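Q: Residue strings, one per chain:
2 protein chains.
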Amino acid sequence: MSEFAAETRAVDSACWQALRRHAERLGSVPLRALLAEGDVRVERLHCAAGPWHADFSKQRIDESSLAALLALARAAGIEGRRDQLFAGERVNVTEDRAALHVALRGSADPGIQVEGVDVADDIAGSFAKLGEFVEAVRAGRITGYSGRPLRHIVNLGIGGSDLGPRMAVRALRAHSLPELRLHFVANLDGADLASTLAHCPAAETLVIVASKTFTTQETLANARSVRAWLEQAVTAAGLPAGVATNQFASVTANLDRAREFGIPDACIFPFRDWVGGRYSLWSSVGLPLALAIGMNGFAQLLAGAAAIDHHFRSAPLEANLPVWLALIDIWNLDFLGAESHAMLPYSDSLALLPAYLQQLEMESNGKSVRADGTPVGCPTAPVIWGEAGTVGQHSFYQLLHQGGRLIPCDFIAFAEADFDLPGHHDALLAHCLAQSAALALGKTLAEATSELSAAGHDPATVARLAPHKVFPGNQPSTTLIAHRLTAESLGALIALHEHKVFVQAAIWGLNPFDQWGVEYGKVLAARLLPQVAAGRTDPIEDASTRAAIAIIAALRARRRS
Amino acid sequence: MSEFAAETRAVDSACWQALRRHAERLGSVPLRALLAEGDVRVERLHCAAGPWHADFSKQRIDESSLAALLALARAAGIEGRRDQLFAGERVNVTEDRAALHVALRGSADPGIQVEGVDVADDIAGSFAKLGEFVEAVRAGRITGYSGRPLRHIVNLGIGGSDLGPRMAVRALRAHSLPELRLHFVANLDGADLASTLAHCPAAETLVIVASKTFTTQETLANARSVRAWLEQAVTAAGLPAGVATNQFASVTANLDRAREFGIPDACIFPFRDWVGGRYSLWSSVGLPLALAIGMNGFAQLLAGAAAIDHHFRSAPLEANLPVWLALIDIWNLDFLGAESHAMLPYSDSLALLPAYLQQLEMESNGKSVRADGTPVGCPTAPVIWGEAGTVGQHSFYQLLHQGGRLIPCDFIAFAEADFDLPGHHDALLAHCLAQSAALALGKTLAEATSELSAAGHDPATVARLAPHKVFPGNQPSTTLIAHRLTAESLGALIALHEHKVFVQAAIWGLNPFDQWGVEYGKVLAARLLPQVAAGRTDPIEDASTRAAIAIIAALRARRRS
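Here the protein sequences line up with chains A and B, keeping their order. Each residue of the first sequence is one higher than the last, beginning at 992 in the working numbering. Each residue of the second sequence is one higher than the last, beginning at 992 in the working numbering.
FYI, nobody ran anything at the bench for these hints, they're computed from the structure. If you're wondering where the values come from, they're calculated on a predicted model, not measured in any experiment. One or more hints might be untrue.
Straight-line Cα separation of at most 35 Å, DSBU-like style, residue types lysine-lysine; simulated pairs [to be verified]:
{"hint": "1", "chain 1": "B", "residue 1": "1434", "chain 2": "A", "residue 2": "1513"}
{"hint": "2", "chain 1": "B", "residue 1": "1513", "chain 2": "A", "residue 2": "1460"}
{"hint": "3", "chain 1": "A", "residue 1": "1434", "chain 2": "B", "residue 2": "1513"}
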């Protein structure tokens, strides 16, 4: 704890002041002017790691401001923090524990022990148990109550127990076992579960209850409802109630509760205290993904992440991709004033990546207080949002081009398609490159005017329309390119972002591994539940909440009368 | 055109200056203090329309600032603009045409003609044709090449031809014909189509090609690929090629092109010039929804919207819900400085609403130039984002609570569930109410400290943890409540937002019905396509684009070698 508290706040450092001056100097230099430097700039602002190539030349930086950013990272002691992470130190200081997701891909230092257990041994054991189960389900050796193989997998989990496997299963659908259907149910709203079960034959459905504590309200409510559904189906088939027990599995740290729920030990897979929910895809939480792509595929995901771990540990800051990603974001957020960051994968299979990164970044670094309890003093994580290209082009890109807001964008593309239909992929790539160019370079009034004139419009029409065809440009972006979307390149992509978040947290002085901000609402909800259920407003202090409960009760009564 | 151009810019008006003073005055008054006023405030800041109740008491306004906002709306001539819209005037000034989506729900003035055709007659004819087709498909009277009924519907469309029906089909899944499976394919990326067709039996699949111009690149690429897939299946079945012609339908304004593609006239449904893509759910673009819920359900959707049209036209500004929604946003964006707006439906069926509103708001008002070509002079549309509750609570809510960014939120809830599983819905509602209360009221350091002490922690732990358990609060939100998610309440909800966007545009002086900002990237992409396909960089001026093409070519070559 003390090591973190002792350090100077980033905003009070000399580096920070230097960066402010760079931002002032560059404020009036448009990207169009920066890009006019040509190949030299592009080469200098290229950075690669594992299968990924990143182009930062469309960011509003130059060599000297980049050098100042790298100095900031060095002054924040990034290298030391990184070594603490990989050494299994208790970097999650507010919760006083290690964050060992890197150990799950074999990247932590050897010999790390937690409560007397060797972490590497523990992981190997878990992986072996998971592998046996995964291959048995895939091969159809585990059957449901009617004797048919389990072909529908319903994952019950929320947050970190949902977003990772959900995103990755979609991302790797080209590599998945076609006869397995994967479903994800997260919401407390019964509509999520009910509409999913409508497409699942009970006798062929495997249910995974993924909850670290086995007490997560959403997951447990869904687990109870699904158990009732399964019991009803079993009874309707004239079979004894216990016959579908092996249609449940669990990923949890709370064995006792899982057993109490009726899940056999052979189907309970560990979720350790030293893995945070939003960093848990690499653990047994990845079970749905492993079922979809098999253990070899899952191992490739881990290997892709491990390659980035190695890069992060060994590359100098000047050529360290997660460090660059972190610094460019800090530049855009704290020096240029961006409030949000658009993630734009030009890959339909990666459509859920923005939602995944939303949790990773906003829950990790959406904080204003440093690990030592003092204020950070500058803006931290942005709003992460976005959609797959080209879909977003027909929706919100209008605002990116002409809305007048500074919104840094990350474009993500693959040289080759995961599903190769003739005539689709080259056009997709052309759009990706065209958008980042248009956002950066813009189009001036003179250019718009001459284009309209050249198209034969009369002068009045030209004058009327030209202002609407001006693009201010100067919208910064990073483009990430890999060969193909595979388990390996996906693992690398996620690990890049995990380490990016870690570097940012280190600079801001935050603990990226806690999430105290989610507790208050939960406590309040538990307190309000009996009032909502009874339509009673009396012991509630807040008039707005009271009014809402009264409206709900009145609407329900109108229906009943 | 002149009427719009002649007016004073909002930012130059006396109202605007008055609002700046209100914002300054209220800047130091926290929501906790405002809400302490109790029931009086809540009653005063309640506004209802059709089935919807809205509570604005958790916005950072008071009565006098609200009065100033209403004065701004009046000064902008909202009432006159509104009448122009309903009278079918050419409110889409830059494209010189009317915006008659309100006519599709029977709300426009009678007798409106476009190019000599009575719009109401035209709509009635289209509705009848659509209805016949819809009921024939639903009843299984239209069959595929093997004689089996069409049970899989694949909608090919993007932007406005996709987001509306996709969102509404999910929203109304509780009211849908269970034997029909609706699929939506939008992306140019072949992965979207290929992964969808993997679950569609060719002989039972109806394909809808939805494109106003029948030239949209994404939709046509997908249409050609799906035709090849269907022809292959027909050939494999030993049948003649033309046998699956009636498995295609189209929603388009370009009849000739649709016919050329091979779609029979009986299956072509009109998409008129006077309907904008993002306002087109009410037209034949709603075909997938009509197939799912039937024509009676579709008529209820229209009726729900019509009720809001009536409200918008007749309620005084002081009790006009779309006007309030618009003004509160302008307050948050232009006076408090918010950059984004979170849409948080506590309804899993409404999970796609944020994506729908993203297009509606960001494409309509993501502009900086007034209809008359002059600069707006203030920020316009925000980034719209969000996820269904409770899902987002386990992801980005950390940032809403403790990230230190001002992010107005809209909570949307229903008194009763659309899928009623025991134990789910009351808890869902309790979370919705708890979150808006926690965001508004926050928790002070003194409160956090005394809670930790009461829980028995030692003083050192209390002091260490308390700063992490502080919630600054003061995060504004609106809560919208209706009885139940039905076609009617959905239609009303969408119409509320359409009119909200219209009011904002009128105040900012924008034309919400054009989207010039999407053109530039398209043109550039067409120019880059041959280069990407050939891996040639030579005639490209921008070094960054050149480098990307070279990387793509190198990655592809490595694979081939």
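Q: Which earlier hints can't be squared with this structure?
A: none
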